[in-house]
Amino acid sequence: MTSVRVIPCLDIRDGRVVKGVQFQQLRDAGDPVEASAAYEEQGGDEIVLLDVSATPEGRSHAVDTVRKVRAELPIPLTVGGGVRSVSDAERLLEAGADKVGVNTAAVDRPQLVTELAERFGAQCTVVSVDAAQNGEGWEVVVASGQVRTGLDVVGWSRQVVELGAGEILLTSWDRDGTGDGYDLPLVEAVAGSVSVPVIASGGASQPGHLVDAIGAGSTAVLVASMLHDGEFTVGQLKWALADEGVGVRP
Amino acid sequence: MSVAIVPTGTANIASVTAAFTRAGVTTSIVEEVTEVAAASRVVVPGVGSFGSATESLDTAGFRQPLVERISDGRPTLLICVGMQLLAAGSEESPGARGLGIFADQLGQFSTELPVPQLGWNQVVPSENSRFVTPGWAYFANSFRLDTAPAGWLGASAEYGGSFVAAIEKGDMLACQFHPELSGRWGAALLERWLLATEEANP
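Residue numbers (this note's numbering), protein chains in the order written: chain U, 1 to 250; chain C, 251 to 452.
Bear in mind the hints are in silico, worked out from the structure with no lab data behind them.
Among these hints, one or two may not hold up.
[Said to hold, decoys possible] Subject to a maximum C-alpha distance of 20 Å in a straight line, what follows is the list of computed SDA-like cross-link-like pairs (lysine to any residue):
#1 C:419 with C:442
#2 U:68 with C:437
#3 U:68 with C:273
#4 U:68 with C:274
#5 U:19 with U:229
#6 U:68 with C:275
#7 U:68 with C:271
#8 U:68 with C:277
[Unchecked claim] Derived, one-sided and incomplete: chain C residues facing chain U with beta-carbon distance under 10 Å:
#9 368
#10 370
#11 407
Keep in mind that this is a model prediction, so the values were computed, not measured.
Glycine is no exception: its CB is placed at the ideal position from the N, C-alpha and C atoms.
So that you can see chain U by itself, here it is in the shape it has in the complex (with noise of 0.2 Å):
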């Protein structure tokens, strides 16, 4: 049986980390390579990187830091932030990213996670899912929470699905930066309609937050203030979720 991985996130734009890392152990708390490197000592069972900057200049920045994080990093590392072909993929998957997280530009076009599939593997292919509550249920929303599209959140994580994806990153655009916790009907919701994994991401503080959203049905969770923060390590996390019976990987 798998064991239930905890994932760091880093921002990364321009080459850097934004949002700051706060490592006593570190010389340069902005530097991805450094940062990787430490959450993978510590216990993180993947790396996502999200490339947040807006112009071409970045995107480039971005392919020589993955190239750079994967020369040092011995486990898994996804990529997401600007992806809008199979083209971009190829350059990250290049440059050594394992996987490569779409989202603003499935929704623009849904054949392009077929497209994805096809050329590198269901496996390779995460769909980033940003959802919105919307009355009863969620809405997706994209370019940074900025659109809202009118998307049943449940509905298109079925519809990608379908098309080919192997992996839902599912982020609760109303929990992120609040520390409120992850939105657990979310989770429960699209981790019980599809039958691919589904990291639950957003506002995690607590190691609590991470039992909760293993057992609302995800199979990951993604962290990122918490410990950029400098107020837990990957390991604590892991001695949480296994004092709760959960299975991590020591």
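Given chain U's structure and the hints, the job is docking chain C onto it.
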């Protein structure tokens, strides 16, 4: 020390190359058919589907030299879909012909668990294994062998039932998991294979 990597599609060659570079090994990508036979150590990584991997081997003309190399028991490491290529066929791509080193067929995981299997799973080696030790390995697969083929030593893992995590025979090692993504445990596994095959191929 050097390894020659057989391209079976685009993705993941960078991860495999980086892992060998960290181990202090020179890597090259096979371009000419003759290199498959000439190289002291060959690595066959694999991503994507069984069918697309067999197709790219055929297009490049690597099928025959690979079958010969493996039949001769020469140092060869096969990863993920690379390992699956040894089989006769796969449920993933009906009609696609594997290398047929053994007659077994791959089937899809039959489980309520999420598929693909994406994540770290515990590997239980055969007690006679030269390479595989107990530990956690990173897997990314939907299809698998359920038992080790005749004549090969198998390591196993559990995902809604037992499946084959790795097989080995002499200097040949085939892993369903990704040693290049399996942290220190994976790096140590690669080093054992490199060292063991060094005696035969200095």
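Consistency of the hints with the structure:
1. C:419 with C:442: 14 Å, holds
2. U:68 with C:437: 18 Å, holds
3. U:68 with C:273: 16 Å, holds
4. U:68 with C:274: Status holds; Cα separation ~17 Å.
5. U:19 with U:229: Satisfied, since the Cα-Cα distance of roughly 9 Å is no more than 20 Å.
6. U:68 with C:275: Between residue 68 of chain U and residue 275 of chain C the Cα gap is close to 18 Å, so the pair holds against 20 Å.
7. U:68 with C:271: 13 Å, holds
8. U:68 with C:277: Answer holds: residue 68 of chain U to residue 277 of chain C is near 18 Å, not above 20 Å.
9. 368: 5 Å, holds
10. 370: 4 Å, holds
11. 407: Since chain U brings a Cβ to about 9 Å from residue 407 of chain C, closer than 10 Å, the hint holds.
Hint compliance for this structure: every hint is met.
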